[in-house]
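**Q** With the hints as your guide, set chain B onto chain A.
Protein sequence lines, in the order shown, are assigned to chains A and B. So for the first sequence, this note's numbering puts the first residue at 184; every next one is plus one. So for the second sequence, this note's numbering puts the first residue at 268; every next one is plus one.
Honestly, the hints are just simulated from the structure, not real lab data. Heads up, some of the hints might be wrong.
Stated by the list, open to error - Mimicking DSS-like on lysine-lysine, the simulated pairs with C-alpha atoms at most 25 angstroms apart in a straight line are:
{"no.": "1", "chain 1": "A", "residue 1": "Lys217", "chain 2": "B", "residue 2": "Lys431"}
{"no.": "2", "chain 1": "A", "residue 1": "Lys299", "chain 2": "A", "residue 2": "Lys347"}
{"no.": "3", "chain 1": "A", "residue 1": "Lys242", "chain 2": "A", "residue 2": "Lys217"}
{"no.": "4", "chain 1": "B", "residue 1": "Lys299", "chain 2": "B", "residue 2": "Lys435"}
{"no.": "5", "chain 1": "B", "residue 1": "Lys435", "chain 2": "A", "residue 2": "Lys292"}
{"no.": "6", "chain 1": "B", "residue 1": "Lys431", "chain 2": "A", "residue 2": "Lys292"}
{"no.": "7", "chain 1": "B", "residue 1": "Lys299", "chain 2": "B", "residue 2": "Lys338"}
{"no.": "8", "chain 1": "B", "residue 1": "Lys525", "chain 2": "B", "residue 2": "Lys447"}
{"no.": "9", "chain 1": "B", "residue 1": "Lys498", "chain 2": "A", "residue 2": "Lys299"}
{"no.": "10", "chain 1": "B", "residue 1": "Lys299", "chain 2": "A", "residue 2": "Lys299"}
Small disclaimer: the values here were computed from a predicted structure and weren't measured.
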Amino acid sequence: MRQDVMFKGIGGNLQLLIPDQLQFTEALNQIQAKLAASATFFGKGSIIQIPMAEQRLNKEEQDQLTAVFSEYGLFWEAIEMTAKATDTEEGMAQPDDETSAAQTLIVEKTLRGGQKVVSDHSVLVIGDVNPGAEIIAGGDIVVLGTCRGIAHAGAYGNREATIKANRLLASQIRIAGVIARAPDQLNNPEYPEIARIIDGAVTIEPAE
Amino acid sequence: MGEVLVITSGKGGVGKTTTAANLGTGFALSGKRVALIDADIGLRNLDVVMGLENRIVYDLVDVVEGNCRLKQALIRDKRYETLYLLPAAQTRDKNAVNPEQMQQLCEELSREFDYVIIDCPAGIEQGFRNAIAGATAAIIVTTPEVSAVRDADRIIGLLESEGKSDPKLIVNRIRPQMVKKGDMMDIDDIIDILAIDLLGVIPEDEYIVISTNRGEPAVTQPGSLASTAYKNIVRRLSGETVPLMSLEVRDSFFSRVKKFLRL
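Looking at chain A on its own, in the form it has when it is part of the complex (with noise of 0.2 angstroms):
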């Protein structure tokens, strides 16, 4: 999973980053695919920037891409620079939590049942996850309200990722390859937890 398209949350926008080396077909294909997995998070009528795509993509591939957003009802923009759309930063896991920070997918709304969130970094979600919704990120999860969803951290193999929200009453939790289910009597936590590996097993803890 070298160099792919990434959607990205900066600034509050959606950006859509196309890594220079990638071919424009190939590129394309990726987001076919990555809008029809998440078709119903992106709201119909969202516009989506696109960095350098006057000066980098030529008339028929802006036309193809056209064709493929409004497939899904989206819309793009071509914006000018962009906060380092650089090679190393695309594709690489980034296990550690500061260069993270700064490629956070911020999700401004509860997540409902069914919709899916899909980023290589880390997810941050103001609003709650309700139960038959899914995050699934490279990096850490947190949800500032409720998670009863599920929840994957860590998904391309960062055992070190975490999940946190104000209350952790998620159905699944899954970081990197370890999965946890939720005990059946759920006690109702009122404060914050955080789960994170311990010892081989994933460990729910108050969070800070």
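**A** Same frame as chain A, but now just chain B:
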């Protein structure tokens, strides 16, 4: 232009058709012009619940395919002057109609009627997409059960991505006794997950079975709790502020005696 309300839920059997029939009749009783549309093509039920099944000549699919004019297919309910029903087809399926056709149909109807109420089928496929296409507002019906609430949540997500924001919630078939004992979800638990505005709460009421069999919506027979609840919802939708009915459970006489004697 009238309001086009879609009554949807995701889960089947929670009371969409009953709600559509009662809200439609309720509005008609207060003098509004109402068109009910049964969007459940292939499994039509709204006509039976309204007691109009013997009067169906043309249906929704006939209108969309141009076999008849809209006016010919609309059945006027002789009991309530301003209430009309556009029935679904029974011998076709949900692929017989597409969302654009539904949208046009709803637009045409909303020019003639104060309220167009669409009874949405269960599920999230073509039938659902058809039913919501022309709607200006959505009402989600759920029962106080985990499975129904899950499905309602999915539906809210789908409505949001179709641009139908701010749906309202009706919680149907609630049993206050069971809620008090902790055996049934209470309203707060449901709102905690669904996080949308509550429009009304309808208690479990045996009378609904009778009214369905008779083809006379419960709102027309005052006295039952469900009837009052539906009437209150009609009033709220018309802009009145109506407090939620008290569903406080009074202990039975014997249990109060037992408590008194500390048995």
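**Q** So, for every hint listed, does it hold in this structure?
**A** Hint check results:
For the hint pairing A/Lys217 with B/Lys431, the CA-to-CA distance comes to about 24 angstroms; that is within 25 angstroms, so the pair holds. About 18 angstroms separates the Cα atoms of A/Lys299 and A/Lys347, which keeps this hinted pair within 25 angstroms; it holds. With a C-alpha separation of about 23 angstroms, the suggested pair A/Lys242 and A/Lys217 falls inside the 25 angstroms cut-off, and the hint holds. In summary, the hint linking B/Lys299 to B/Lys435 is supported, as the alpha carbons are separated by about 21 angstroms, within the 25 angstroms threshold.
Note on B/Lys435 and A/Lys292: the hinted pairing holds, with a Cα-Cα distance of about 18 angstroms set against a maximum of 25 angstroms. With a C-alpha separation of about 15 angstroms, the suggested pairing of B/Lys431 with A/Lys292 holds against the 25 angstroms cut-off. For the hint linking B/Lys299 to B/Lys338, the alpha-carbon distance of about 18 angstroms falls within 25 angstroms, and the restraint holds. For the given pair, B/Lys525 sits about 19 angstroms from B/Lys447 by alpha-carbon distance, which is consistent with the 25 angstroms threshold.
About 39 angstroms separates the Cα atoms of B/Lys498 and A/Lys299, which puts this hinted pair outside 25 angstroms; it is violated. For the suggested pair B/Lys299 and A/Lys299, the alpha carbons sit about 42 angstroms apart, so the restraint of at most 25 angstroms is broken.
Comparing the model with each numbered hint stated earlier shows that hints 9 and 10 do not hold.
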